[in-house]
Amino acid sequence: MRADWARRSGWSVAWEIKRWLKCWLAGTPGRLGSALRVRLYGFGSRGPDVFIAEGFWAEYPDRIRFGNSVGINRGCFINAGGGVTIDDWVLIGPGVTIYSQSHDLNGDPSLPLALRDDVRKPVHIARGAWLAANVTILPGVTVGQNAVVAAGAVVSRDVPARTVAAGVPAVAVRSLEESGSTVTT
Amino acid sequence: MRADWARRSGWSVAWEIKRWLKCWLAGTPGRLGSALRVRLYGFGSRGPDVFIAEGFWAEYPDRIRFGNSVGINRGCFINAGGGVTIDDWVLIGPGVTIYSQSHDLNGDPSLPLALRDDVRKPVHIARGAWLAANVTILPGVTVGQNAVVAAGAVVSRDVPARTVAAGVPAVAVRSLEESGSTVTT
Amino acid sequence: MRADWARRSGWSVAWEIKRWLKCWLAGTPGRLGSALRVRLYGFGSRGPDVFIAEGFWAEYPDRIRFGNSVGINRGCFINAGGGVTIDDWVLIGPGVTIYSQSHDLNGDPSLPLALRDDVRKPVHIARGAWLAANVTILPGVTVGQNAVVAAGAVVSRDVPARTVAAGVPAVAVRSLEESGSTVTT
Chain D
79 MRADWARRSG WSVAWEIKRW LKCWLAGTPG RLGSALRVRL YGFGSRGPDV
129 FIAEGFWAEY PDRIRFGNSV GINRGCFINA GGGVTIDDWV LIGPGVTIYS
179 QSHDLNGDPS LPLALRDDVR KPVHIARGAW LAANVTILPG VTVGQNAVVA
229 AGAVVSRDVP ARTVAAGVPA VAVRSLEESG STVTT
Chain S
79 MRADWARRSG WSVAWEIKRW LKCWLAGTPG RLGSALRVRL YGFGSRGPDV
129 FIAEGFWAEY PDRIRFGNSV GINRGCFINA GGGVTIDDWV LIGPGVTIYS
179 QSHDLNGDPS LPLALRDDVR KPVHIARGAW LAANVTILPG VTVGQNAVVA
229 AGAVVSRDVP ARTVAAGVPA VAVRSLEESG STVTT
Chain P
79 MRADWARRSG WSVAWEIKRW LKCWLAGTPG RLGSALRVRL YGFGSRGPDV
129 FIAEGFWAEY PDRIRFGNSV GINRGCFINA GGGVTIDDWV LIGPGVTIYS
179 QSHDLNGDPS LPLALRDDVR KPVHIARGAW LAANVTILPG VTVGQNAVVA
229 AGAVVSRDVP ARTVAAGVPA VAVRSLEESG STVTT
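Chains as they are written, first to last, in this note's numbering: chain D, 79 to 263; chain S, 79 to 263; chain P, 79 to 263.
These are calculated hints, taken from the structure and not from any lab test.
Don't take every hint at face value.
The list treats identical chains as one, so a pair stands whether inside a single copy or across any two.
[To be verified] For lysine to any residue, the following SDA-like pairs were computed, each having C-alpha atoms within a straight-line distance of at most 25 Å:
#, residue 1, residue 2
1, Lys199, Asp236
2, Lys199, Thr220
3, Lys199, Leu254
4, Lys199, Glu255
Just chain D, with the same shape it has in the complex:
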């Protein structure tokens, strides 16, 4: 008989095999590892130049859209249940977590959170933004063009373009010089 978590999470042999594959992908080093992650993970779409370092893990990878020239450092985690879009030239530091779904705090209080439906909201990291080390992005957030999220910040609201946000929760701490032309390279 199946354990209850297995029933709740829709466990199957295919689930198990996928999980072993994802662990193997996470552990394969270097450029070869990145090439395998990029090609085998089954992302929704991606540009030709995406680098994903070791330790990467994604749930619902088919709902992730990567632009071009995206770099993701070691140990990042994306839950794309609500959809995650990462535009061109985005930089993602080590240990970054992006969540686009959550448990339903407003649901039936007689049910434990694990038995309620998920709440899903899309995340968008716009062109040229940088999420520094150990940042956490919460569901529904847009990080604007060329914005910077400082290390360790937890982002629960949108970050405007060309703004540095920091803290838990993240707030704007500085504006970045506007260029005559926005990022064009």
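Take the given structure of chain D and dock chains S and P to it, following the hints.
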């Protein structure tokens, strides 16, 4: 001759074998990996339905007591030197750290922290609580029934039941609707 | 043809081999793993008694100088582009990140961050300091002798000696008793 850290930490061949086993357990994927972690880690007690995802690590696992229907996401770390109790229906997100011991800041100041005794205080995560991604729980803390700790929070004081706590250090930011019956499923 | 990230990051076969070696070192358990990490990583200098737990990763390890009796817990990440000095008796908890380089926020705004030069500033963790779990240290920071950085803190400014700093960003929250003799063991 032994390195000093080895003497301080009581290194032995049994220590080394245990550490290799824990690394192997941490790296085994999927439902099989969870089943092995649950059965081989030597927890103090546990209900029949506990899921522990990959990357899990525990110190003093014999001092951890798990209830039933507990789910632990990837990459969590529990130091149970002071005892850690996790009740039924608790949800633990990825990258959560639970510490029940600390170095002694008030000890003999002529000794480095590494040579002072540990200070140990039990941690209790009550029924139905949710620790979201990257939360850190500090020694002595109780997280109340159906409480929610927001992503990235560092919890240094108790969180009351049916309360959402957030920030570093975590403070209460919202109360959750009380149900006529508390979680009963 | 090389992918653009490969050109930008100076990819070569030697780069790839080094990366595979670092992954293998990160995954080797226990005292044996620590001994291999300490000896094979190519650190700038180190005392005879350094313990480095599993999951460790360093960029520019030749720019890291370790004192003696240093202990580093699981899953730590050091980017030593700007130089990182860690003195005797420093304790580093699990999941700690130390960065001594950053992207240049004040550079040519018509270039994406990934194409600008890095900004490098040295980091110094002084004798007897403790960085608790999941701390992030930013470029240019000095953590003073016997100082304590609380779990989850993000340190963007110097922490004075014998001071407990906490929060995001970290601020001083308490002074520690001064000993007649500073740490002498």
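Under the constraints set out in the numbered hints, which ones does this structure not fulfil? Checked against the structure, no hint fails, so every one of them is satisfied.
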